[in-house]
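Chemist: Read off the chains here:
Protein chains: 2
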Amino acid sequence: MRDLEPIFDPKSIAVIGASREPGKIGHVIVKNFLDGGFAGSVYPINPNVDELLGLKCYPTVMDVPSNIDSAVVAVHASLVPGVLKECGEKGITGVVVISGGFSEVGNVALEQELVKVANKYSLNVIGPNCLGVLNPAARNDSIFLPIYKMGRPKVGGISFISQSGAVGGCIIDLAARAGIGMGKFVSYGNAAVVDEVDLLGYLAEDEKTRVIVAYLEGVKRGREFLKTAKEITKHKPIIVLKAGRSKEGVKAAHSHTGSLAGSHEVYQAAFKQAHVIEANRLNELFDFSKMLDYPVCSGGRIAIITNGGGTGVLAVDAVEENGLELAKFSPATERELRKILPDYANAANPLDLVGDADAARYEKALDIVMKDPGVDVVVVIVLFQTVGIDSRVVNVIVKARETGRKPIAVISTGGEYTEFHRRIMDSYGIPTYGSPSDALASVAKFVEYCKK
Amino acid sequence: MRDLEPIFDPKSIAVIGASREPGKIGHVIVKNFLDGGFAGSVYPINPNVDELLGLKCYPTVMDVPSNIDSAVVAVHASLVPGVLKECGEKGITGVVVISGGFSEVGNVALEQELVKVANKYSLNVIGPNCLGVLNPAARNDSIFLPIYKMGRPKVGGISFISQSGAVGGCIIDLAARAGIGMGKFVSYGNAAVVDEVDLLGYLAEDEKTRVIVAYLEGVKRGREFLKTAKEITKHKPIIVLKAGRSKEGVKAAHSHTGSLAGSHEVYQAAFKQAHVIEANRLNELFDFSKMLDYPVCSGGRIAIITNGGGTGVLAVDAVEENGLELAKFSPATERELRKILPDYANAANPLDLVGDADAARYEKALDIVMKDPGVDVVVVIVLFQTVGIDSRVVNVIVKARETGRKPIAVISTGGEYTEFHRRIMDSYGIPTYGSPSDALASVAKFVEYCKK
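So the protein sequences, as listed, match chains E and W. Here this note's numbering = 1-based position in the first sequence + 351. Here this note's numbering = 1-based position in the second sequence + 351.
Because identical chains share one entry, a pair is satisfied inside a single copy or across any pair of copies.
Restricting the straight-line Cα-Cα distance to at most 16 Å, the calculated cross-link-like pairs of lysine to aspartate or glutamate (EDC-like) are: (1) LYS375 - ASP707; (2) LYS757 - ASP718; (3) LYS500 - ASP707; (4) LYS362 - ASP420; (5) LYS585 - GLU799; (6) LYS598 - GLU676.
For the record, the hints were derived by calculation from the structure and aren't laboratory data.
Could you put the whole structure together from the sequences, leaning on the hints where they help?
Modeler: Pasting the structure below:
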């Protein structure tokens, strides 16, 4: 197995192709390392420059007086093999090649040359033609997209691998915006050297990764991929969005990355066999991964607590449509609920706390429902538009997540005020959703994974 | 047919149950009329108060010296029939009863009394047990939810009717947040007097309404509903989200509003027959309605323009999965495109403008593709994370929408920077989506509606 630790958690890093021009990729990468607070040493490499953003600049990596763990390469494609050779000579083992201009534009020979150098020096190369690597815990960020355009997520346990840089950029940006904590991220581009199987293997062993999410267009080593995935899903869930599912999509994927996408039916059967969870839409990658970050659940009997009757009805529909079951409250639960509810509310599931519910009523209801042995997962609907609801309900739910022994999913539909509160909950590891259908589809995948 | 104009566009309005206490519904409503800049007269009604938020307060509507078009009622349920009688005597024809405490809590007799009074005076009553009415063009806003919790949308052509107040509140809030322009909104609660058939009939005649969207739990006059809907969909699209689709959902809907929801298969068949477009998820109400706000399209041949290859592949998959067709560019189009593209880009559909595309490249590509007679709808993917993209691309797309003769849908996936730019486009009537699957599902409904 490849040791990719120097790529994800380097103590020192060279940026080859570093530039003084603010618009250039080689400038943005150095600046992002500095702005992001990378604790290790950063060595800008450029033969024509002495100093850059306050750092001493070296002509080649060979000229750097200290050891270097890893390098990020952003030079013209034609220079890459030579640069890799120097990395090899220097003893660097992990390199991220951002540069494009290889097999993806028909330049197969140059990519073969790159592979030859990598093999000669046992270099683990990510890319070429990729977006880079992100490890928020190590403040390692080789992604050249400006921070104001693409946010950086907080530290967490969900790791992403993306064949496409474009989709990868969207993934990071959405995760940052939604308050989802990220383990490792890698956009691996042409996968000339390190491929999806290597990356899965690394993330399987990575203690900080609890859930693995992948955007794939094609898989080069199909058999190994499945064998590896099947082994991993015994311990960690893998969620995959496979592009190139349609006939035209396969063609488009081929012209995009040169991947042989293969028939989707074959992939689907293989995913199923390996207990890989398939997402059908981009959003589902997040929806599912948030829910699957819970360690375990006891079954598929769902309790619904709501302050809006209509949304409760939609959630009940979604329970049934996703093959889940509406829990039946025990007589004790009903008795306890009746004590805390106004007389115009029903002590039944879905539990409508009605429009004037406040945080205190949610707290009591959650406490009672969490204790019912006939309930496996609690779906809490909070409509923040109502007069009785404010930030206190967030504390109540966070507390229930900490002390309760049951997974919670939250549904909150709305604009700015709602989004703000959803982000807080998501950042506390409570998965929130904008609609009942999104929430229950995710709960269903979670329940299915726990059963396996 | 009922004349509901005084309810949606009153020149003068009484707020019965107006209060000096900021927390009370009767206070929030008066304040919202004032803050919102309602141009007509507002008459607070409360026998115990002389003055309220700078307005003279009257004991009853009978005491107001001028004519009153409409009244909003927020008093205890038991007082509502008496208050309606006074409205009738005063010559008011449209009343919105916010107050709950009627059939939804088993108080059927009181609701019957309300109906009796309404019939006697030919009062058009919305509610009881409803959220109110919103008409942004008239600055008529009888909704008691605070503005910081639930935004108010700008003026537009999409009108919403919602049986559920909770779902209605979410609809307004989401529309406001997304920059979607709203025609009329009404939450009609128990529908004791004015029901969904009346509301459809009104919106059918309303010149400012171009698209009708409904959240329904059940329909009281099924036959009339379908007859009316079938007539309307010849001229205006109707999009419906029907809750109570599952067995348990039907039960939940019944206990929520007392609606007899009926089997979903029956509804589905009827919707199909009436060319009503069914949404399966809350988000689809918006996704579909934005796209259907375009007047017309020529067919289902889709061109895709993108600056991210991976997202392009996902869009191609979604084209096929939604029964649409990937357009084949004409030789002339391909020739023109080759002139404006860098050599490493393909002049084919999906058209990948590649990662360094800027607004100028989008402008030229859009111009060429819009002219191809083999293209019916243009799907533009803009990933705002890339270095070359900024607000200028929004101007380019807005201009293409104004001058081009073909519908455009935009896909932009990402966080804050992306959301900001999506809202601008949505507010210019360019439907934007966060993912290829959402966009193409909406385009498919649009194409299907145009074919009928």
